[in-house]
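Here the protein sequences line up with chains A and B, keeping their order. Just so you know, this note's numbering puts 41 at position 41 of the first sequence, and the rest follows in order with no gaps. Just so you know, this note's numbering puts 80 at position 80 of the second sequence, and the rest follows in order with no gaps.
Hints listed in this document are in silico derivations from the structure and should not be mistaken for laboratory results. Keep in mind that this is a model prediction, so the values were computed, not measured. The C-beta atom is built at its ideal place from N, Cα and C for all residues, glycine as well. Any given hint could turn out to be false.
Unchecked claim - Restraint-style ranges between C-beta atoms, simulated for each label pair: (1) B:L106 - A:L59: 36 to 42 Å; (2) B:A40 - A:S185: 55 to 61 Å; (3) B:L32 - A:R265: 49 to 55 Å; (4) B:A68 - A:P325: 51 to 57 Å.
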Amino acid sequence: MRRLEFLRVGPLREGAFTSKLHSEKTAAIMGMALGVSFAICFITGLLSHGIQNPPSWFLWPSRPVNLYRVMQGLHVATGIAAIPLLLAKLWTVYPRLFTWPPVESLPHALERLSLLPLVGGSVFLLVSGLNNIALWYPWEFFFPLAHYWAAWITVGAMVVHIGAKRAITAQVVRRRHPDRLDEASDGSLSRRQFLWTVAAGSAVVTLATVGQTVRPLRRLALLAPRDPAVGPQGFPVNKTARSARVTETAIDPAWRLSIEGAVERPMSFSLAELRDLQQREATLPISCVEGWSATVRWRGVPVADLLAMAGAAEGAEVSAESLQPSGLFRQADLNRLHAADPDTLVALEVNGEPLHIEHGFPARLIGPNRPGVMQTKWLSKLVVS
Amino acid sequence: MSVDGRSRSDAPSGAVFWILFALGWSIVLYGLYGTFDQAARTRPHSFGPWFIGSALVHDMLVAPAAIAVGVAVVKAVPVRIRRYVQAGLIISAGVIAVAFPLLLGLGGPAGNPSALPHNYLINTAVVLGVVWSGVAVAVVLRRIRTN
Chain A
1 MRRLEFLRVG PLREGAFTSK LHSEKTAAIM GMALGVSFAI CFITGLLSHG IQNPPSWFLW
61 PSRPVNLYRV MQGLHVATGI AAIPLLLAKL WTVYPRLFTW PPVESLPHAL ERLSLLPLVG
121 GSVFLLVSGL NNIALWYPWE FFFPLAHYWA AWITVGAMVV HIGAKRAITA QVVRRRHPDR
181 LDEASDGSLS RRQFLWTVAA GSAVVTLATV GQTVRPLRRL ALLAPRDPAV GPQGFPVNKT
241 ARSARVTETA IDPAWRLSIE GAVERPMSFS LAELRDLQQR EATLPISCVE GWSATVRWRG
301 VPVADLLAMA GAAEGAEVSA ESLQPSGLFR QADLNRLHAA DPDTLVALEV NGEPLHIEHG
361 FPARLIGPNR PGVMQTKWLS KLVVS
Chain B
1 MSVDGRSRSD APSGAVFWIL FALGWSIVLY GLYGTFDQAA RTRPHSFGPW FIGSALVHDM
61 LVAPAAIAVG VAVVKAVPVR IRRYVQAGLI ISAGVIAVAF PLLLGLGGPA GNPSALPHNY
121 LINTAVVLGV VWSGVAVAVV LRRIRTN
């Protein structure tokens, strides 16, 4: 290694980084905070993925009504709050990238190698998630799937990192470390002040965005990609009628909703016939996977009533299909709990008016505790199985 | 780095390290397996460069820029307001990072006025204005208290 000493220039020099904030204690505290944030994002993300791609053993309930809304709001808000935290953490440990000697031993080499999926994955998850809520896709991959697999890679690397750092973290965090020892004599932030500043940074970006789902904070949400009160009929739209290519079929007077599949009596209804059926009102949120939500009052025919009329078996499951001719979200499944929930509606009205075409005229699916992408708009059939 | 100035080996060791190392890399490999198993939609030729590029762009551009700004602050900002300026810059960096894709204005499907409903340039300026007003208030309060 001594022969390579001549390479030790620039950031590899001893003492190249002078700030006292590049310390183990700063790194340990922020590391723990990031660990908690990423754990919240991972668990809520896995659940959201499972709801949309359910394995056979996974039955997502239709209650509590707002569970998905809170979960996905938390997923996105935690990810946003983690952005200042991750930047500060990476800044704190940046000098370690230039550790000399670069490799001390096999475990050291393996531990350092594991930082590539950790750093790449952490930054990738936050950048891709942020771009996704800003509806900006400068890549070729399908965001939800790449984000999902990147999360596994990152969490695996995080487990390795915890294994490598748990001892030193416990040691430096427990050590009583009078703040003045870290107090910089040159008027710079002390460690404690630095940590509070990073926390304030997370608080500012949270306050500036979380109003997209926490309605009382709506006016503060200057940097939110959505305002829950902006859109046709007073709430946002994700997929537009034009992009779904339903602008003609949705307003065709010959439109009918058919109930087919495993039923005794396949049926179909015109809009007028649906209006003549017993209506039910439900106040339910649209909870987008992108973290915004808006709660509004819906009115329509319970799916369970339609299934009973058609003679579907107890515990039936339903595939709701859209007029939308193609696209991943043209169809959504209702598991037996969602199909049987009395508040799962074929909605015809919202806030006392017929649905705007952007909200799924003539009829849309709306149910409790479901991701927005599974609240199928411009319904054409319910296929029972 | 060191604890209380004592330098110490960086190398991890012990049974727990190796157990978590094996578990962690199994999870990483599961993630890689899933990525390639669903390659038609994860598009590794695009996903890979974005993933690795995230680490490279951070380590080669973002972090050096932050270090350079930090050095400039220590050189140029008077000692008595230095920590306030540092705090303002740290919070501003977080705000700009979060606003970045909105500021570029490249996102959003055409014909959906409910998506990205704000003027994000103005709004980012407002948020930064609030942050730096807070910094100014802190400086003034500090002066009043020390006088």
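Verification of the supplied hints:
1. Distance hint check: the CB atoms of B:L106 and A:L59 are about 40 Å apart, consistent with the given range 36 to 42 Å.
2. Between B:A40 and A:S185 the CB atoms are about 59 Å apart, so this pair conforms to the stated range of 55 to 61 Å.
3. The hinted window of 49 to 55 Å between B:L32 and A:R265 holds, with their beta carbons roughly 50 Å apart.
4. For B:A68 and A:P325, the Cβ-Cβ distance of about 53 Å falls inside the hinted range of 51 to 57 Å, so the restraint holds.
Checked against the numbered hints listed earlier, the structure breaks none of them; every hint is satisfied.
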